[in-house]
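Given the coordinates of chain B, assemble chains X and S onto it according to the supplied hints.
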Amino acid sequence: MMEFSAGQIAAVLGGKLMGDANVMVRDVAPIESAQSHHLSFITDEKYLPMLETTHAGVVLVTQSLLDSHQSPETKLIAPLRQRITNHQSTVILVENARGAMGQLLQMVSKTMFPAKKGIEQPSFITEGVAIPDGAYVGAFAYIGRNVRLGAGVQIYPNVYIGDNVTIGEGTILYAGVKVYANCQIGKQCILHAGVVVGSDGFGFEPDAQGVNQKIPQIGNVITEDDVEIGANTTIDRAMMGSTVVHKNIKIDNLVQIAHNVEVGESTFLCAQVGIAGSTKVGKHCILTGQVGAAGHIEIADNCIFGAQSGIAGSIRKPGMYMGSPAIDAGIWRRATVRFKQSGQRNN
Amino acid sequence: MMEFSAGQIAAVLGGKLMGDANVMVRDVAPIESAQSHHLSFITDEKYLPMLETTHAGVVLVTQSLLDSHQSPETKLIAPLRQRITNHQSTVILVENARGAMGQLLQMVSKTMFPAKKGIEQPSFITEGVAIPDGAYVGAFAYIGRNVRLGAGVQIYPNVYIGDNVTIGEGTILYAGVKVYANCQIGKQCILHAGVVVGSDGFGFEPDAQGVNQKIPQIGNVITEDDVEIGANTTIDRAMMGSTVVHKNIKIDNLVQIAHNVEVGESTFLCAQVGIAGSTKVGKHCILTGQVGAAGHIEIADNCIFGAQSGIAGSIRKPGMYMGSPAIDAGIWRRATVRFKQSGQRNN
Amino acid sequence: MMEFSAGQIAAVLGGKLMGDANVMVRDVAPIESAQSHHLSFITDEKYLPMLETTHAGVVLVTQSLLDSHQSPETKLIAPLRQRITNHQSTVILVENARGAMGQLLQMVSKTMFPAKKGIEQPSFITEGVAIPDGAYVGAFAYIGRNVRLGAGVQIYPNVYIGDNVTIGEGTILYAGVKVYANCQIGKQCILHAGVVVGSDGFGFEPDAQGVNQKIPQIGNVITEDDVEIGANTTIDRAMMGSTVVHKNIKIDNLVQIAHNVEVGESTFLCAQVGIAGSTKVGKHCILTGQVGAAGHIEIADNCIFGAQSGIAGSIRKPGMYMGSPAIDAGIWRRATVRFKQSGQRNN
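Sequence order for the protein chains is B, X and S. Read in order, the letters of the first sequence correspond to residues 178 to 524 in our numbering. Read in order, the letters of the second sequence correspond to residues 178 to 524 in our numbering. Read in order, the letters of the third sequence correspond to residues 178 to 524 in our numbering.
Warning: the hint list may mix true and false statements.
Note: identical chains are not told apart, hence a pair may lie in one copy or across any two.
Here are the simulated lysine to any residue pairs, SDA-like style, with alpha carbons at most 25 Å apart [stated by the list, open to error]:
(1) K293 - A307
(2) K457 - E442
(3) K457 - F445
(4) K424 - M289
(5) K457 - E209
(6) K391 - Y313
(7) K193 - V514
(8) K457 - K494
(9) K517 - I474
(10) K391 - F290
(11) K391 - G380
(12) K287 - K364
(13) K460 - Q361
(14) K460 - D478
(15) K494 - S286
(16) K287 - A358
(17) K457 - T230
(18) K391 - Q365
(19) K457 - L225
(20) K494 - A358
(21) K391 - A188
These aren't lab readings, by the way, just hints derived from the structure by calculation.
With the rest of the complex left out, here is chain B:
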């Protein structure tokens, strides 16, 4: 991270500076552990008292939090002003410290991790594949036949891209991503290290002798635009047709998406979630950590599932669900209280 002065930051954010405009920060840190070279932020009332104790060089604070403490009853604002007068921390008041922090993080991130460009050697690019200007192909990356790459794609080292794959513009494939043949990845997607897209769906059929025979999986995977996929997550190709991940879906690490699944736009799949074959997940859902969904079911839009819940059948109504099998969250919470009570009784 480069070094910025409090004055520069206030100017960029259009914030109101209290304290020394010349204080320099070169990193960001949470308010509780920040040192004098750190920028930090307070967006929640309960952290306001930390303004008295933090060692952060510069702190972004949501203006309205301070406003609500201007009354004579409040003891906070006086020490804060004292602190600023003592040049212990410089405070920048902004409309929304979280949003302002996000804006700064974007700037910092672009400085820390500028887009990579160019082709490193040795890499394996099948003849006839066009590498767009401004793209990055890392060493030991493998690009198969008829692959189409959008402008500005970043293909890190040790990535494997099978035949006929399409990668949309601006998409990043981190180290060791593998995309099997015929899959389509949208624009502005991020696939983290070790992601596998397009492995065979899990389909077998016993033959007359009872031996499991593989059902060939000849479909593919389509991810639309603005999809992020966490490290070592796996998405299987469809038996026929496509496994579909719609736009703006965010998938965490070690998630499993089986063949012919369809996930609706803007849904979150947290770490270690598993979705079995042919299931259709709605839009704007949140499946929290380690949730499992059975195969061949449908999940309505706007559903939230508590951690480790098991979605055993179709869910028709938006709502909050918990437990395995997953039921209404309120009912589940009361039932777990009874469950615990039953273990506390000795009779």
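Showing chains X and S alone in chain B's frame:
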């Protein structure tokens, strides 16, 4: 996929053609989304009405399904004949549409994904290792000392094969598979992208100072023939002896098999299953998604475990089990009803 | 494994030899499956009867086990002496057979898997990065800018190391490990194949239009010394600051550690455990298989969590916990008995 006429397909399958033998299809799709260039199939009575509405060019139908609808009460068969007369879809009646579809999928699959052959550069093949005729070694693949490869093995790019490993004939290692030293992979196996075979088992022993010391893991992993292993699945080497995956076992994505486990033939391990150390799983079992099994237990042949169940102790009898800890499925289902009811009461 | 005589082993271990000092062994195996060329061990009384039936060439036995069987009531010791007289097995009595076995396994392991050295070609080492004497850089390994490597590091093929990463001395990165930019790995660590360290934390914030915007993750991951990380495990970088894995922590396969998590020293995370963002796990804890921990909670030192348990809130007291949500293990066990009983009743 190449283009086939309805007449060619009927001839290959020995089916009875109803409609236009010249209709061409070049892809397969589920009956509900099929278009005029698609081949589809109906193997379940409930999808028969879709014969009236599907846009599929050619539909395979199990003969017996139609037979049961020939009675005067049935309104289905007449529109079907009408439809065929109108040349909307061509129907091919076969003894078993699913089996026929499997047969066709095999043909299509071989056309779409012909076996890869040859040695791409740069790859790393230790001196003295023989690459059989007809084998494939992709770019950036690494083959250690004394590795023995069977005829027709396919080693995709970025695969790592440690010293003294044996890979049986016809086996496919997709991109980024890693096999540690001394492991043995059988014939006709498929290891999907990112699979790790032979990593150290998880064994530690605190020393006199209470510091965890590693117990060296000097065994290996043996997978017999016709084993399929899903993407990013991990199988640890034995402390001593072997972790054994018997023949015809099918393992889905992100499964964990710990050291010294033995899995019996023809068993299914679905996605995200975890089996702890030294446990012995029987033959013809099904462990569905996210099931966990404790260490040092035995599981009888022919057991089925519901999703997310936790196998806490040895299971002596074939049957269906659910819950964590896993119990008889019928008892578990009734207990979960009571559990839910207990949360619905307000007293 | 090289060949050793019973006499050599007894000398190395300072044990008391009973039987033929010239018997040669060249491998180790569990007592029940050992053959005449195997070394085995008995550390538990219940395996003592196997001394009569084992085919092991040499067996290490904890001295005190035999002592407790010297009484006239015990029929064991006589056949053992008979057996040794018959030269069926040679027994070496040691103070602690498990410890002695560990000592031997260490020796064997060093013989079987000597430290790799040298730089294989092609590899990608950014100009200016110093490769210490005695280090190993495998083919197709990628080493970014300003990477600092300690003495004796072993970097296997297809490893990716991003810019500014530090790897401590003696650390092993097995095939296909990926370490993102700016992360720090301690000394004497082992990262198994497919591990991902430093992928982005899972952080998003909806914008004014309800579209999920990525919160840049500009922190890093720090693992201290003597940490082992299992195959395909993922550890996300912090949003700000560091995700921290303290010294002597042992992590199994397919574990997920989210951004800004801190795990205390000497804790075990078994396979498929998931820890959500900003959670602080204490020292000397054991999270067994498939355990999940919610985000933003604290877990006290010396806690044990049963398999598949779900840690929904902070845990303040050392102890054993089970269930989802995780509660006191004793209460949980009784409650599960009641749960099962409720499913057995027909009323």
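Okay, the hints, checked on the actual structure:
1. Within a single copy, K293 and A307 get their C-alpha atoms as close as 17 Å, and across copies as close as 23 Å, so both meet the 25 Å cut-off.
2. In this homomeric assembly, K457 and E442 come within 25 Å of each other (Cα to Cα) only inside a single copy, at 11 Å, whereas the closest approach across copies is 32 Å.
3. For the homomeric pair K457 and F445, the shortest alpha-carbon distances inside one copy (14 Å) and between copies (24 Å) are both at most 25 Å.
4. When the C-alpha separation of K424 and M289 is checked against a cutoff of 25 Å, the pair qualifies neither within a copy, at 27 Å, nor between copies, at 28 Å.
5. For a Cα distance limit of 25 Å, the shortest separation of K457 from E209 across copies, 15 Å, qualifies, whereas the shortest one inside one copy, 43 Å, does not.
6. Taking identical chains as interchangeable, the C-alpha atoms of K391 and Y313 lie at most 25 Å apart only when they sit on different chains, with a minimum of 22 Å there against 37 Å within one chain.
7. Neither within a single protomer nor between protomers do K193 and V514 lie at most 25 Å apart by alpha-carbon distance, with minima of 49 Å and 59 Å respectively.
8. In this homomeric assembly, K457 and K494 come within 25 Å of each other (Cα to Cα) only inside a single copy, at 14 Å, whereas the closest approach across copies is 35 Å.
9. Taking the closest pair of Cα atoms, K517 and I474 come within 25 Å of each other only across two copies (21 Å); inside a single copy the shortest separation is 31 Å, beyond that limit.
10. Within a single copy, K391 and F290 get their C-alpha atoms only as close as 44 Å, which misses the 25 Å cut-off; across copies the closest is 15 Å, which meets it.
11. Taking the closest pair of Cα atoms, K391 and G380 come within 25 Å of each other only inside a single copy of the chain (6 Å); across copies the shortest separation is 35 Å, beyond that limit.
12. In this assembly of identical chains, the alpha carbons of K287 and K364 lie at most 25 Å apart only when taken from the same copy (19 Å versus 31 Å across copies).
13. In this assembly of identical chains, K460 and Q361 lie within 25 Å of each other by CA distance solely inside one copy; the values are 20 Å within and 38 Å between copies.
14. For the identical chains of this complex, K460 and D478 are intra-copy neighbours only, at 5 Å inside a copy versus 40 Å across copies, given an alpha-carbon limit of 25 Å.
15. For the homomeric pair K494 and S286, neither the shortest alpha-carbon distance inside one copy (40 Å) nor that between copies (40 Å) is at most 25 Å.
16. Only between protomers do K287 and A358 lie at most 25 Å apart by alpha-carbon distance; the minimum there is 14 Å, versus 32 Å within a single protomer.
17. Taking identical chains as interchangeable, the C-alpha atoms of K457 and T230 lie at most 25 Å apart only when they sit on different chains, with a minimum of 22 Å there against 50 Å within one chain.
18. In this homomeric assembly, K391 and Q365 come within 25 Å of each other (Cα to Cα) only across copies, at 12 Å, whereas the closest approach inside a single copy is 35 Å.
19. When the C-alpha separation of K457 and L225 is checked against a cutoff of 25 Å, the pair qualifies only between copies, where the shortest distance is 22 Å, while the shortest distance within a copy is 44 Å.
20. When the C-alpha separation of K494 and A358 is checked against a cutoff of 25 Å, the pair qualifies neither within a copy, at 37 Å, nor between copies, at 43 Å.
21. Only between protomers do K391 and A188 lie at most 25 Å apart by alpha-carbon distance; the minimum there is 24 Å, versus 63 Å within a single protomer.
Hint compliance for this structure: hints 4, 7, 15, 20 are broken, all remaining hints hold.
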